[in-house]
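Top line first, the protein sequences correspond to chains Y and W.
Per numbering that gives the first Met the number 0, residue 0 is the first one in the first sequence, and the count goes up by one each step.
Per numbering that gives the first Met the number 0, residue 0 is the first one in the second sequence, and the count goes up by one each step.
Note that these hints are calculated values from the structure, not bench results.
It is possible that some hints are incorrect.
Stated by the list, open to error - Okay, the calculated beta carbon distance ranges per label pair:
(1) Ser194/Y with Arg105/W: 55 to 61 Å
(2) Val68/W with Arg179/Y: 31 to 37 Å
(3) Glu50/W with Ser194/Y: 48 to 54 Å
(4) Arg236/Y with Leu16/W: 44 to 50 Å
(5) Asp45/W with Glu2/Y: 31 to 37 Å
(6) Arg105/W with Glu2/Y: 29 to 35 Å
(7) Ala148/Y with Thr12/W: 52 to 58 Å
(8) Ser176/Y with Glu50/W: 24 to 30 Å
All residues carry an ideal CB built from backbone N, CA and C; glycine is no exception.
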Amino acid sequence: MAEVVANGVRLHVQRLMPSGGPRPDAPVVVMLHGMVIDNLASFYFSLGNALADAGCEVICYDLRGHGKSERTPSGYGIATAMADLSALLDELGVDRPVHLVGNSYGATLGLTYGADFPERVASLTLIEPPFRIEGLGEEMARSLTQVLAAISDEEVEEWLTYSAGRAVGRIMRSAQSLLRDTTIAEDMLATAPFSPDRLRALPVPVLAIYGGNSEIMEQGDGLARLVPDCTLVVLERHTHMVLREAVDYLRVLLRWWLLHRDEQMPQYTHRGGQTFELADWVLSRSVPSDLNAERRASSASGDAEGPGDASPEVPVAAGATSAASAASSGVSGEQ
Amino acid sequence: MTIQDTLRSADPTLDALEARVLGEIAEMLRDVIGEEYVVDMEITMDTSFNEDLELESIEFVTLADRMRVTYGDQVDFVGFLAEMDVDRVINMRVGEVVHFIADSLRAGAKGA
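Hey, can you work out the whole structure from these sequences and the hints?
Next up, the structure:
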């Protein structure tokens with residue numbers, strides 16, 4: 000079933016099972032993607048199929064307003080996200096505690112859900128969670144405003160029209176309209192800070208993963224100090240986009256966490272980089288000054304031009320997990 | 000373009016099963032993308048999801064969902080996608096998926 004109405008909103012859901020079906024005691028894993036420039040595809044391709052193939056029952060869904068889920072004009076606060084998730088689990092008939100895996104703001108949602116409904120949660124995997132005791136909402140909203148400014152830039156408009164290509168264009172346009180046409184920014188501004196006391200009492204095991212070069216890496220220490228059962232993993236040479244950068248290791252790490260935690264934690268080995276459909280400047284929110292230079296030059300010299308002509312200067316190559324990270328950098332409030 | 004058109008223009012080296020699967024996937028792709036540019040595009044074994052079709056990753060998820068419904072448990076899409084990186088998936092050509100499905104269906108028929 001690809002669509003489920005939960006908490007009054009139509010959610011796009013992909014449920015992934017191992018070949019032959021899951022065993023009755025298989026871990027149920029629910030993926031929570033990042034905000035704005037993200038959807039379920041990032042987890043579907045990075046960890047979803049890999050964990051289902053390893054024996055887990057995996058549920059990926061598009062958060063309200065994202066991907067192919069219904070875009071409501073309002074209702075983007077964290078309390079509504081919690082209600083959406085509870086209703087979704089009810090609709091799917093999930094009656095066992097679930098393992099939540101969240102990326103960036105999705106990890107913030109996971110941590111909040113674990114604190115609010117510990118009886119429904121078996122474990123939390125938090126990938127690059129923006130974690131602050133104070134000012135979390137303001138930080139995320141400021142970051143979102145920066146994203147909106149970056150994707151509303153005139154240079155970006157020109158690039159989207161002539162050079163970006165269809166896939167990137169669709170992702171960016173969708174993010175633009177989500178920010179312009181819904182209350183998501185103000186709703187995120189209202190995010191309440193985490194209560195230290197509640198986190199000190201969190202009865203759920205937590206696996207927290209940060210990139211060693213991430214701007215929010217030091218926030219992991221605060222999390223690990225408060226949460227009683229927290230395994231903190233910092234991957235050197237990686238950034239806030241660690242989900243897309245270190246997917247091979249994260250597949251191994253998550254298989255250990257979900258299925259073989261009594262064994263020794265697998266060691267990390269660095270592997271080469273990958274290419275993705277969103278350019279780095281989108282993720283870092285800094286529009287390069289020469290974004291359209293090549294197209295203008297070729298246009299001036301009479302070469303072919305027009306929508307769909309991808310400039311080789313702009314890496315629009317493949318991939319999609321990109322999305323995960325983009326929003327992520329959008330809401331993690333690095334500065 | 001109909002399935003029959005697709006079959007006529009298909010690679011003559013394909014066997015009947017592969018030609019049928021290619022036609023079915025081409026129709027699914029036109030439906031999932033749902034834009035004018037793909038209506039008259041000839042979708043062959045060499046067509047790239049990324050460069051030729053400019054498929055967005057969430058559209059590939061929808062395509063995989065359609066294929067799962069169409070071909071059922073005989074085709075293990077979870078196993079097929081489990082070890083692939085997303086850039087590897089999007090950079091695939093249609094033919095790789097057709098071969099995987101046709102091989103799975105043949106293996107299923109033998110095992111039945």
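Evaluated hints:
1. As the Cβ distance of Ser194/Y to Arg105/W is approximately 58 Å, the hint placing it in 55 to 61 Å holds.
2. Distance hint check: the CB atoms of Val68/W and Arg179/Y are about 35 Å apart, consistent with the given range 31 to 37 Å.
3. Distance hint check for Glu50/W and Ser194/Y: the Cβ-Cβ separation is about 50 Å, which falls inside the suggested range of 48 to 54 Å.
4. A beta carbon spacing of about 46 Å between Arg236/Y and Leu16/W agrees with the range 44 to 50 Å that was offered as a hint.
5. Here the CB-CB span from Asp45/W to Glu2/Y is close to 34 Å, well matched to the stated 31 to 37 Å.
6. A hinted range of 29 to 35 Å holds for the C-beta pair Arg105/W and Glu2/Y, which are about 33 Å apart.
7. For Ala148/Y and Thr12/W, the hinted distance range of 52 to 58 Å is satisfied, since their beta carbons lie about 53 Å from each other.
8. Checked against the hint of 24 to 30 Å, the C-beta distance between Ser176/Y and Glu50/W comes to roughly 27 Å, which is consistent with it.
Of the numbered hints stated above, none is contradicted by the structure.
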